[in-house]
Structures are given as C-alpha cells and as structure tokens.
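Participant: Listed below are the residues making up each chain.
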Amino acid sequence: MQAARQLITIISGLLMRLVRDGSAIVWLIMLPLLIIFVLGVTVQGLFSPDFTPARPFRVAITEASSDAQQHLIRALGSQEDFFEIIPVSDLDARRMVLDREVDAAVLVPNGYPEEAPVVVSEPGQAVGSILEEFIQTERWSIAAVDSAVELARMEVASEGPNTDAGDSPWLGLSAFEYYAVGLTVMFVMFAAHHAMVFTAGDRESGAYARVRAFGVKRETYLLGGWAAAVAIGVAFIAVMAGLTRLLFGVAWGDWLGWLVLTAVTAAAMASVSFLMSSVVAKSSTLEQLGSTVFMIMAMASGSSIPLHVLPSWLKSALAWLPSRVALEGYFQLSHGAHSRNLAPELAALGTTSLILFTLGWLISSVRARGEA
Amino acid sequence: MSALRRIRAMAGWALLRTARSSGDLFWILVLPVLVSFLVANMLGGSGQGKSMPELMVVNEDQTAYASAMIEALSTGFDVQVVERTAAEAELARGNALLALVLPAAFGESVEAGRPQIELLHGRSAVKREAEARIRLAAQSLMTGDSPVFSDLIHETPRGNGVNGEFEQVRGVFGVILVFCLTALLIRGAVIHSEREKGSLQRIISCGVSYWEVVVAHVMSILLIGLLQAAILLTVTGILGIPWLIEGLWPLIWTVLGSVFCSAGIAVGLAGFVRKPSALQMLAGGLPSLLAMLGGAFFPLDVAPAAVQQLARMNPFYWSMEALSGGMVYRGLASQAVPLALLFLVGVCGIVIGIQGLRRTELT
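Protein chains in written order, with our numbering: chain H, 904 to 1275; chain U, 49 to 411.
This is chain U alone, in the form it adopts within the complex (with noise of 0.2 Å):
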C-alpha cells in the first residue's frame, strides 16, 4: 500500500467515524443550522421597510385644527391618541419617550399665525429628528401644504438597494465560522486522544510513518471543515439565507479562505496543546471571541480604536473582509488581500503544527 493511499484511507476513516457519531453530528450539523435560524430570524428584514417612530398625542382643544394637526403627523409617526394622564404615567412609568399635547388653545394659536403646542418627554432628551418632524406637522398648517416624510434612500457601494439581506448573510456566515473552527479545533485533538488510547502507538508499530499520521490528520480536518461548511451553507441556503446574491464565486473565495484559515489554526493549536481537554476547552471559547472582537456579529465601526486595530490581528475580520469584500465592493479584487491573509495565516498554522505534532512523536 502506499503511502498516498494510506493517508487516503486514515483521513477517509476519520470521516467516515466523525459521520457515524450522533454526537459529532449534533454539533458540527444540527446545533449551528438551529443557531443560524435563529439568527437569520432575528436578523431578517431588518431593512426592510422601516416602522415609523411611535408618538402619543394628547388631543385638549378638539378643533378641526388639532384633527388636521394629528393627520399631518400621522405621515411622519405612527399616531396614537390618548388622555393626558395616560401619556403622563406611560412617561412615568419609562414606556414611552415622547408625548405631544395639543392644548385647549390650540386651534387659536394657528389662527394667529403662531401655533403652540407642548411636549412632554422622559428623562432622555426629545430626539432632534422627532422634534423636528413636529415642528414641520405644524408648519403644515400654516402653509396648507401636507408634510412629506419620506426616507433616505440606502444603497451598498456596488448601488444596489439595502433590503437586509447582506446583513441576514454576514450574521449567519459569523455563526457558521464559529462552529467551523469548534469542530475542526475538538477534530485537532483527536490525534491526542488516540495516543492517549495507545491506538496511535498500534498504528505505528504496523509500520505506517508517524508523518503519514500527521498529514492525514490534517486532511481529515480540511476535509471535515469543507464538508461542513458546505452542507451548513446548503441548509441555510434551502431554509432561505440569500448567499447567492452576488453570484457563486464570492461566496466559495470566502468559504475556502475561511475553512483554510480555521483548519491552519487548529492543527497549529493541536501541535502545541497535547491534552485533548485543553483543547476541547478552547474550542469552547475562543471561536466565539474571536468573532466578536473580529466584528462577526457587531458592527466594529462602534468600537474603541485599539480594538479595531486588534481586529486586524484576528482572522474572523478577515474572513468577514472577504465577505464583504466579494458582495458589496470590488468583487475579487476586494477580496484579494483578505483571502491572502487567510490562506497565509492557514500555511503558517499547518506548518507551525506539523513541527508540533513531530515534536511530540519524540517525547
């Protein structure tokens, strides 16, 4: 048998035993499909067709005035008419931010030319936008023309309209990272655990290289990442996460860096962290934290200075460039240097952890 065919048949193996173990398949397939849901859920729709802010108003004169006052804010706010006590206690109570009174003299305030209204706000100071929107209803008034509150026009750089799907792709890409890089760094320390068994010892005194052993354990963590990635992407995509809307080659760039970059980073982490428990224990944490600090789930345009320059450290920001980078910017160009950095991170990582895991045949 030769050597090709024997690193063929261990990774295949690895395979084959990851695919019959309910639990593995629990954690790399089932548990991140129900947490993208979850996630496409919450983030659905979030462009799409904006609410308008909610307004209390308190209507004390009753004239035809404060009726066509409250039809010229009904275009700008989602109007709901209520008893001055009421609108005190929900301020009171925190409930809502904002209520405006209409007073008794109101309608004679607009006949003389200076319309007088009053408004009533929480402890947080009255939103500018809102106060503005008023004073514009009440304008209205005046000149009879009714007020036009229509929204900005959002588009990506590429000049299509925001609807929130990008945004629904980039949650769910940042779920599926942090489960790719959980399985592939608990698959590093199966090597470990085998010769913690003896059943690595007992490969190796029936005459395969420990070197074999080593690059099959590394193909079966490519392959795993790959397979993973790719039947998480095919579910999510099935149950209606829109990943083609840019086109094929975006996404596969991306996907490929990434699994790449993760499975680099988890034999690098397996040729230096020899117990299997220390290992399962950072697949418990540190995908998640490399995923928030590397902007997978916030936005990093929020965050402190030093920790955007700490995201470029982090191979998620990377791999969330990429994305971004192939689907709403310069297509593969923009996504050029991201995926270099990936796949660079990846070499390094395989090659650092090949030297461990040699090391450790030796002692």
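Next comes chain H alone, as it looks inside the complex (with noise of 0.2 Å):
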C-alpha cells in the first residue's frame, strides 16, 4: 500500500516538473503544430493523387518536324493546368532552362517514338517527374494507336479497413493527417525521455539519495520513473490527437483501438528511454543520447521523412523499429480500421516494451549492486 503510494507520488511530481517546465511545453506541443501546419500546407502536393501545380510548368519543347513529335506537343500542351508549351529550336530550349526562363526543356528527337526523348530539368524537382508520366504514356500510346486490343477493367473491392493500401497504410492519407501521426510518433519519444532525464538528474542533484533515505525502495522508484514516462507518453499524444482534430481536422479513427495502441506506443516509447537511462547515467549525456537516437528513429521509420519518398531498402530493413509498428498502427486507424484490426502492431509493441524494460531493469539492478 505503502509503495503504491510513493509510486504515485513519484509519478505526478515528474508529471508536474514537466507540465511546470513553460519551454517543454512550447517545445513540444508548439513546435509539432507549427511543423504539421508547415508541411500540411507545403508538401500536400506530393501525397495527392490529383495534384495540379500551382502554376502551369514552363516547358520549352523541340519544334515538331514529325505527326509523332507534333503529337506528343498537342497532348502535352492539352493539359493547361500543368504545362505552359513553349515550342523552341534544341539549342534555344537548353538555353532557356540553363537562364531560368522556363523550369524544363523537351528534346524530342526525330526518331520519336522509337528513340527517348531528353528532359532538361532542376534534378530533384516535380517537374521532372510529371513530364516523365506524361511522355511515356504517350509514347507508348503513339506506338499502339492502331491497336486491336480489347482490354477490360475490373476493380477488386477492397477487404478490411477502408484503405487502398494494405501493407503501405501511409497511401491515401493527406499531408496533415499523415504528419499529425508521424510527428506525434517523433515527439511522444522525446516526452517520455523527459521523465528519465528528470529521473538522471534527481541521482546527479542529491534529490534522489534523500528519497531512498526516507525510505522508498530502488525499484519503486526505477518504476515509478519508467511509469511516469508513459503516463506524459499517453497524455502527450492525447493532447496532440485533440489539437491536431481541432485545428486540422485529422481523424485519429476508432477510439478504443487509439487508447489501447496509444498505451503500448506510451509503453514501449518509455522502454526504450529507460534502458537508455539504464546504461547512461549523466543526465545531459543521456539527453544528447535519446535526442539523437530518437531523431535517428523518427527519419528512419518515416516520422520525419514520408515512407512513400524512403527507399524501399529501408522501408523493409526498419519495419520492425517501434516507432514505424506505432506509426503503421494509427495509420490504419486512421483509414477505418478496428481495435481487432491491430493485434500485429499491439503484439509488436507490447513484447518490444517486455524486452526493453525487462533488459534496463536488469542492467539497472546490476550497476545498482551495493547500493544501501
């Protein structure tokens, strides 16, 4: 009874130090809005299957000397929502794009279709990259314009959760909602590490001898910091699923299924920083130590970085980091799935939180060894 009671002393006195620390407020709740505000609005183009760019692209093309070339210019110039046609001699388009007058050049050689077109462009621009669909679609389009094909479309109705994605749950959702779960993700870790800096601290500042002194035990407080982190773990992401729906609409789906994987996402979050605090002991060390890990983690599961521009390579190799099994989950709540629904990622999570908190409890026990 008497443990309880310390145990829940402890964690509303790391609860508090934080919600009374004004900067990790801002840091954390403010700093996450304005990111998903930023990329909601900026990079909403590149997750919109009916992207159209703001302006018409400038793009200066080889003037036609054949049907093909004449043809593909036709059926470029007929999108007016994204390109602009500027028919031009080889030369002149290289020279227009190398002076910035227009964002890329066509070379349509006289062999088209047969032979590739060249595209001059920016390296790493979207201009590029629509051209391309638009081209080739063409090109392959001349080279079968006469054909008999009999080609039938049938659509699969999908199973499951309402999404067109299955594996790849990230497809289908919009820039806010996919970055109001990835960036939540990102910073759930950094709050619940707050509670074992604070806890890292109280050894460095003396604060914690005197507790053991008035009689609470090692492992109540080893967890009573490992529970507070994933009670500011539940109450960050809480928070953050309220603001993001209030201010950017975004649907966290199925709230039994969101409480139940928020908690084992809280857990496991709370899991890794404790074994973290488990081998390092310095308090500044151990921030630096989770700021980069947990930076590390974000970009690789696609936190940070859209999974649909991560390399597959890396989408496969990381799929089993907690932060991706998270990420996955509420991704798939989002597109209508059920509590049920998530056994794979809550299995995930739980035994990566066991595995974790069980491995820092016994690091910590041995480095403990010979304390009064």
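Source of the hints: derived by calculation from the structure; they are not laboratory data. Keep in mind that a hint or two might mislead.
Lysine-lysine pairs mimicking DSBU-like chemistry, simulated, CA-CA at most 35 Å apart [stated by the list, open to error]:
| hint | chain 1 | residue 1 | chain 2 | residue 2 |
| --- | --- | --- | --- | --- |
| 1 | U | K245 | H | K1185 |
| 2 | H | K1120 | H | K1185 |
| 3 | H | K1185 | U | K323 |
| 4 | H | K1185 | H | K1218 |
| 5 | U | K245 | U | K323 |
| 6 | H | K1218 | U | K175 |
Just so we're clear, the structure is a prediction, and the values are computed from it rather than from any experiment.
Hints given; two lone chains; assemble the complex.
Facilitator: Right under this line is the structure:
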C-alpha cells in the first residue's frame, strides 16, 4: 500500500515537473503543431493523386517536324493545368532552362517515339517526374495507336480496413493526416524521455539519495520513473490527437483502438528511454543520447521523412522499429481499422516494451549492486 | 594590449571553449554528421537506374501466346505470375495496385486478331502509363515486333546526366544549414548567459570596452559557423557526398554566403532576445521550419503559390538557390543574386544585432 502511494507520488511529481516547465511545453506541443501546419500546407501536393501545380510548368519543347512529335506537343499542350508549352529549337530549349526562363525542356529526337526524348530540368524538382509520366504514356500510346487490343477493367473490392494500401497504410492519407501521426510519434519519444532525464538529474542533484533515505525502495523509484514516462507519453498523444483534430481536422479513428495503441506506444517509447537510462547515468549525456537515437528513429521510420519517399530497402529493413510499428498502427486507424485489426502492431509494441523494460531493469540492478 | 588583440583573444577563447565542450561538439559536429549520413543514404541513388514497375500476371490460358505475352511484358514490367485468387487477395488487401489476367481464350483472341485481356485493379484508377505499356505488349503479339520500353533521358540544365548526385548534395546541404543556424543561435545566447552569470560584468570592469566584447562575440559566431561548415563538408565528403561535382568554387561561395547569413540571423536575434532559454528554444524550431519552407527538404514546385511566394523571403531558399545556381545552372552568374541577398541579410542582421546588444549595455 505504502509502495503504491510512493509510486503515485513519484509519477505525479515527475508529471508536474514537466507541466511546470514552460519551455518543454512549447518545445513539445507548439513546435510539432507548427511543423504539422507548415508541412501540411507545403507538401500536400506530394500526397495527393489529384495534384496540379500552383501554376503550369513552363516547358520549352523542340519544334515538331514529324507527326509523332506534333502529337506529343499537342498532348502536353492539352494538359493546361500542368504545362505551358513553348515550341523552340533544341539549342534555345537548353539555353532557356539554363537561364531559368522555363522550368524544363523536352528535346524530342527525330526518331521519336522509338528513340527516347531528353528531359532537361533541375534534378530533384517535381517537374521532371511529372513530365516523364506524361511523355512515356504518350510514347507507348502512339506506338499502340492502331491496336486492336480489347482491355476490360475490373475493380477488386477492398476488404478489411478502408484502405487501398494494405501493407502500405501511409498511402491515401493527406499531408496533414500523415504528419499529425508522424510528428506525434516522433515527439512522444522526446516527451517520454523527459521523465528519464529528470530521474537521472535526481541522482546527480542528490534528490534520489534523499528520497531513498525516506524509505523509498530503489525498485519503486525505477518503476515510478518508467510509469511517469508512460503517463507523459499517453498524455502527450492525447493532447496532440485533440489539438490536431481541432486545428487540422485529423481523424484518429476508432477510439478504443486508439486508446490501446496509445498505451502500448507510450510504454514502448518509455521502455526505449528506460533502457538508455539504465546504461547512461549522466543526465546531460542521457539527453543527448535520447535526442540522437530518437531523431534517427524518427527519420528512419518515416515520422519526419515520409515513407513514400524512403528507399524500399530502408522501409523493409527498418519495419521493426517501434516508432514505425506505432506509425503504421495509427495510419490503419486513420483508414478506419478497428482495434481487432491492430493485433500485430499491439503484440509487437507490447513485446518490445517487455523486452526493453526487462533488459533495462536487469542492467539497473547490476549497476546498483552495493547500493544500500 | 590593443583592442584588436583583445577581440582576437576573446573570440579565440570562445572557440576553444566550444571545442572543449563535449556537449557542444556533439550538437555541432557529431549529430549533424549522423543525420547527414542517414539523409545521404535515403537520397542516394534516387536517380540511378530506375526499377521497373511491378505487375502481377494471372495466366489462365497456358498457350504459347500467353507465354509470349508474359515475355513481352517482362521488357516493361517486373512480372510476377500468380494465381487469380492470390492476385485478387493482394489487390483486396491493397498490397498491389494492378494485376493482368490472360483469360482462357487469350490465345484464340490473338489468332482472331483482337487480343482480349483483363485488368484487375484496386480502388485507385489504373495508371495510364501502365495501361499503355500493356497495350503495346499485347500489340507486339500481332506485329511480331518486340516492344522496347526505354527510359527517358534526364539531363541537368548543364547537359550532365541526372544520376542522383545533386539530389544527395542538396539534401545533405539542407541538413548542414539547419545545424549551422542551430549552433549559431545557441552560440548567440552565450553573451546573455555570461551577463546572467556576471562574467561579462567582470570582463568590462577589467577595462575591456563593451563594443570589443560585442565584436568578439560576433567574430566568434562567424568563426564557429565557418569551422563547423568546413568540418562537416570535409567529413561528409570523406563519407561519400559528392560536394565537388561542379568544382570547388560554387560550393565555397554558397557556404560563405549561407554561413554569413546564418551568423547575421544569430547576431540579430541575440540583440533582441535577451533570455538564453528563449534563444535556445528558437534554435530548436526555427532552423527546421526555415528549411522546410525554403525548399531544403522538399521541392517547392509542388507547394501552393502562397508558400512559393513566401519562400522568397526565406534566407534558406536563397541558400538553396545559390547551391543549384552554382552546380546546375550558370555558376557564379546564377549565384550572384542569391549570394547578394544572403550577404545583405547577414549584414542587416549583424548591424541590427549589434545595435540591440549595445542597447542591452545601457539596461
């Protein structure tokens, strides 16, 4: 009974320390909200299948001398929302891109469509890949123009959660939906880590020794730190879910599934942090280690860099990361999945929590040998 | 001791103190290298040899025509032959977007001159390019010409082949910009920390004038920025980032302009934000936001018009423009405007910051 009271006091004490830390609140709440807003507005085009650019891309294209070339110019020109076509000579087309008078140039060889056109544009900009999609479609269509092929299209109805993506639940979400989940999962790691940094700081300041002198067991203190990290994680996700729903209209899906997933996600992140705190005693080093590990986890699991653009080898190689598993669980909920659909994610996160917590506990126990 | 020597000593000491602090070194050098390495691996090879789109094929015909069709498709797709139930299940679960069925009478339809095929797809519409490829492959059975699905040729404005190197340089440069401004903002807060601790007052009571302290502070910010950039570029270069694809000068100009601008922003903010904790908080969020809105991490040509307009007021946008101007456009001629703007922002920031710091002397 007494241990339970002590545990609750430790948890509430650590929670209150975070709540009273104004800078931590700004860092944990305001910053992710700001980033969600900025990314939601900026990169929505990358997420939407109906993307059209803010203004048509200016494209210089080789003047046509054959029917096939003329067909391509007409086809690109008909996409008025996408392209403003300027027919010029090859030389002028290149010069215009170099002088930034146009966004891209298409040099169509005389042997077109058998011979591949050249697209000249700044690498990494969207105009190049959008042009490629249009040009290649036209290219194959011209080659098969007299085709007698009879092609019947049949849609296969989706099953289970309302998703068109299955193993890729990040597809079909808006930028706001994606980043609301992504940044919440990213920052919940930092939020949970605060509790463990606080407990490490207590050891340095002597607060831990004083608490122990009043009869609190080492185990109670350890468990209290971990439980506080979980509580902070749950509270953080709840606040972010509420605010993103209110501000950006993000739907987090089935509330029961959300609640269970939030609890195990917070437990998994707290356990990662707990393991680190068992290895690193110094609070400043623990903070730095946490920042590094969590930043890298966030990037590699798709929280900050969208999974759409990560290389497939990285996506499959790091699918086991707890942050990635949590991310996919929330994405499935956003798509309309129920709690029963989340069994694999819940099992993975629960097992991760158990293993990491046990490991951290064992290491702490070994390190604390000789402690009174 | 002359004023110049005092300034040099104070700036040098600030540099030395940073170098001796494991925490500072971690944030300024170790973490940026780790993140750069990760970003480089994510972006590496994005333009190197495109992989073919995947296509599930259900062969219900089993004739020589069906085999020929699969062979023709293999030139334009990564073909996987599966059972119909498996294809439907994958589509229903959303693990695939498209499956092609060669029905039982496929061979007969080819012989009759009208190849009949079925396309199964999920909720998403079939991509027009995929459909065009399939039609061309089916037509090749009639004409006897095997289809050739050659990729487009992508070139940079300078006429070089696009092989993913510039995307890598651009991505890692964005990371370095973020960490550079972060480090300089944190460094900018030091003068206020010293005031809070009382060490600034002790220096002034020893006869050092306040303007010398301010100049030394500005110098130390600039020096740390330049050193950080030089070390990060060298280390990431050794790790494989092709910084010198277009020679040394486009990079040097871009780095000088960007670091000077970041130093100006750091000094400017330090002149008006007097609480070290507030500056540190700005350091935590401002650089990342500037990078996102400045097109350092995502192409801005997909952003709404307002965001594209807003980017023109963002120094990170001009840093990225200086980089692309130097490396893929007309070199220094394309860099002139971005660099002029970066230096202008830097000078304005330093002037405003020094005025602000002088005001704090009186309060």
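Participant: Against each hint, give a clear statement of whether it holds in the structure.
Facilitator: Structure-based check of all given hints:
no.: 1; hint: U:K245 / H:K1185; verdict: holds, 24 Å
no.: 2; hint: H:K1120 / H:K1185; verdict: holds, 21 Å
no.: 3; hint: H:K1185 / U:K323; verdict: holds, 26 Å
no.: 4; hint: H:K1185 / H:K1218; verdict: holds, 34 Å
no.: 5; hint: U:K245 / U:K323; verdict: holds, 12 Å
no.: 6; hint: H:K1218 / U:K175; verdict: holds, 23 Å
Of the numbered hints given earlier, the model fails none.
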